[in-house]
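Line by line, the protein sequences are chains C and V. Under my numbering, the first residue of the first sequence carries the number 2, and numbering increases by one thereafter. Under my numbering, the first residue of the second sequence carries the number 721, and numbering increases by one thereafter.
Some hints could be false.
Computed list of lysine to any residue pairs in SDA-like fashion (alpha-carbon distance at most 20 Å, straight line) [unchecked claim]:
(1) 821/V - 55/C
(2) 107/C - 761/V
(3) 107/C - 83/C
(4) 47/C - 807/V
(5) 807/V - 751/V
Hints are computed from structural coordinates only; laboratory data are not their basis.
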Amino acid sequence: QSVLTQPPSVSAAPGQKVTISCSGSSSDIGNNYVSWYQQLPGTAPKLLIYDNNQRPSGIPDRFSGSKSGTSATLGITGLQTGDEADYYCGTWDSSLSVGVFGGGTKLTVL
Amino acid sequence: QVQLVQSGSELKKPGASVTVSCKASGFTLPPYSINWFRQAPGQGLDWLGWINTNTGKPTYAQAFTGRFVFSLDTPVTTAYLQISSLKAEDTAVYYCARDRKIIDFDVWGQGTMVTVSS
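With the sequences and hints as input, model every part of the structure.
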C-alpha cells in the first residue's frame, strides 16, 4: 500500500483539462517538495514536475503542479491522446528518512 | 547525451541471485545519488532505496532490507543492484534513476526485466 494517495484513474476528453491529486501528511508532502512523473506504456518514468511546480526543460506548459498543505495536484490542460499514461507523485518523508510515492493514476483520454 | 544504461533482461530460478547494473553516460555519478525502483507487472512503482555515490552508503526502504544490496564500482561510473534468494514475486522491471536533490529523478535507466521462474 502506497504512502501517498492518488486516485486510481481519471479520464477526460481531448482538449479538456484534468487534475490528479496526491494526498500525504505533515511528515512528507507537508514539509517537502513534491515531484511528478509520467510513465507512458512500456517505458521508463519521466520527470514532469519538480519542486512542487517547476517544469524541466522540454516539458510543455500544459503540465502544471501545485501544493497546498499536505496535498499536491498535477494539472494537465489541452489533453492529447499522447498524454494517456500512468502518473506518479513522490516526495520525501522527513520522519522516516525515506522516499514515498503514490500508487499511480491512470489517465485515459476518451 | 546524459543517460543511465542498464543491463539486459535476466531469467533466474528461485533461490538464485541476480545483479543489475546501471552505468552513467554523459555525466559523472557523483554528486548525484542513484535510486532504485521495482515495478511488478501491471503494478505501480516501489522505491527500493538509494545509494550515496560520494560515500557509497546505501539506504534501503524498510520492505527491501536483507536480500537487496546496492553498490558502486571504482572509479564510480556504475551502480549495481544485487538481489539474492530470488522469489517468484521478485519478477519485475527494475529501474535506476538519478536524483538531483531529494526525490527529483531527472534521468532514468531504460529498465531491466528480471523474471524468476523454475
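These are the hints, each one checked on the structure:
no.: 1; hint: 821/V - 55/C; result: holds (14 Å)
no.: 2; hint: 107/C - 761/V; result: holds (15 Å)
no.: 3; hint: 107/C - 83/C; result: holds (13 Å)
no.: 4; hint: 47/C - 807/V; result: violated (29 Å)
no.: 5; hint: 807/V - 751/V; result: violated (34 Å)
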